[in-house]
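**Student:** Sequence:
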Amino acid sequence: MLLDLADLSNNVRNVSPALFVGVGLFLEVGLFLGVRLLIRIRFFPRIRKVLGIRMFLGVRLFLGVRLFLGVRLFLGVRLFLGVRLFLGVRLVFFCLFFSFMTQKISILLHHLLNHYMSEIHLLTHDLQLRLKMFT
Numbered sequence: 176m177l178l179d180l181a182d183l184s185n186n187v188r189n190v191s192p193a194l195f196v197g198v199g200l201f202l203e204v205g206l207f208l209g210v211r212l213l214i215r216i217r218f219f220p221r222i223r224k225v226l227g228i229r230m231f232l233g234v235r236l237f238l239g240v241r242l243f244l245g246v247r248l249f250l251g252v253r254l255f256l257g258v259r260l261f262l263g264v265r266l267v268f269f270c271l272f273f274s275f276m277t278q279k280i281s282i283l284l285h286h287l288l289n290h291y292m293s294e295i296h297l298l299t300h301d302l303q304l305r306l307k308m309f310t
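Taken in order, the sequence shown gives residues 176 to 310; the numbers are from the working numbering.
I should point out that these hints are in silico values taken from the structure, not numbers from a laboratory. Do not take every clue at face value.
[As the list claims (entries may be wrong)] In silico SDA-like pairs for lysine to any residue, Cα to Cα no more than 20 Å straight-line:
#1 307 with 296
#2 279 with 290
#3 307 with 295
#4 279 with 295
#5 279 with 291
#6 279 with 268
#7 307 with 297
#8 279 with 269
Bear in mind that the values here come from a model prediction, so they are computed numbers and not experimental data.
Model the full structure from these sequences, guided by the hints.
**Tutor:** Quick look at the structure:
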């Protein structure tokens, strides 16, 4: 018996870790798809009604797959979408404010430029008149 265990441990050491990862992923995906298939057949309609949640995402949470989506479902908030919406609204308001401010600044600069251009025009006209008087 001890000899068999020693041979088994030697054989396990010779196996690539990628094989263990592959088998683990295969089992996890198989379990995930199997549960999904059971849910699609509506094997758990009463449990789904009692829990009041989508069983598909709830099972994914239970299995530890897509934990973030499961927590989001469990808390009853769409946190990621809410943050995106909040940041999007802030961005829209910032863009509107920036547009408004640039419009006001451009109007102000336009008025200042017109004022200074008229001043320059008056000064040049005055200089021309003075030059005519001397000549």
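**Student:** All hints, please: hold or fail.
**Tutor:** Here's how the hints hold up against the structure:
1. Only pairs whose Cα atoms come within 20 Å are accepted, and residue 307 paired with residue 296 is accepted, the gap being roughly 16 Å.
2. Only pairs whose Cα atoms come within 20 Å are accepted, and residue 279 paired with residue 290 is accepted, the gap being roughly 16 Å.
3. For a cut-off of 20 Å, the pair hint linking residue 307 to residue 295 stands: about 18 Å separates their Cα positions.
4. About 24 Å separates the Cα atoms of residue 279 and residue 295, which puts this hinted pair outside 20 Å; it is violated.
5. With a C-alpha separation of about 18 Å, the suggested pair residue 279 and residue 291 falls inside the 20 Å cut-off, and the hint holds.
6. This hinted pair checks out: residue 279 and residue 268 have alpha carbons roughly 16 Å apart, not beyond 20 Å.
7. Pair hint residue 307 plus residue 297 holds up; C-alpha atoms about 15 Å apart against a cutoff of 20 Å.
8. Between residue 279 and residue 269 the CA atoms are separated by roughly 15 Å; this keeps the pair inside 20 Å, and the hint holds.
Checked against the numbered hints above, the structure violates only hint 4.
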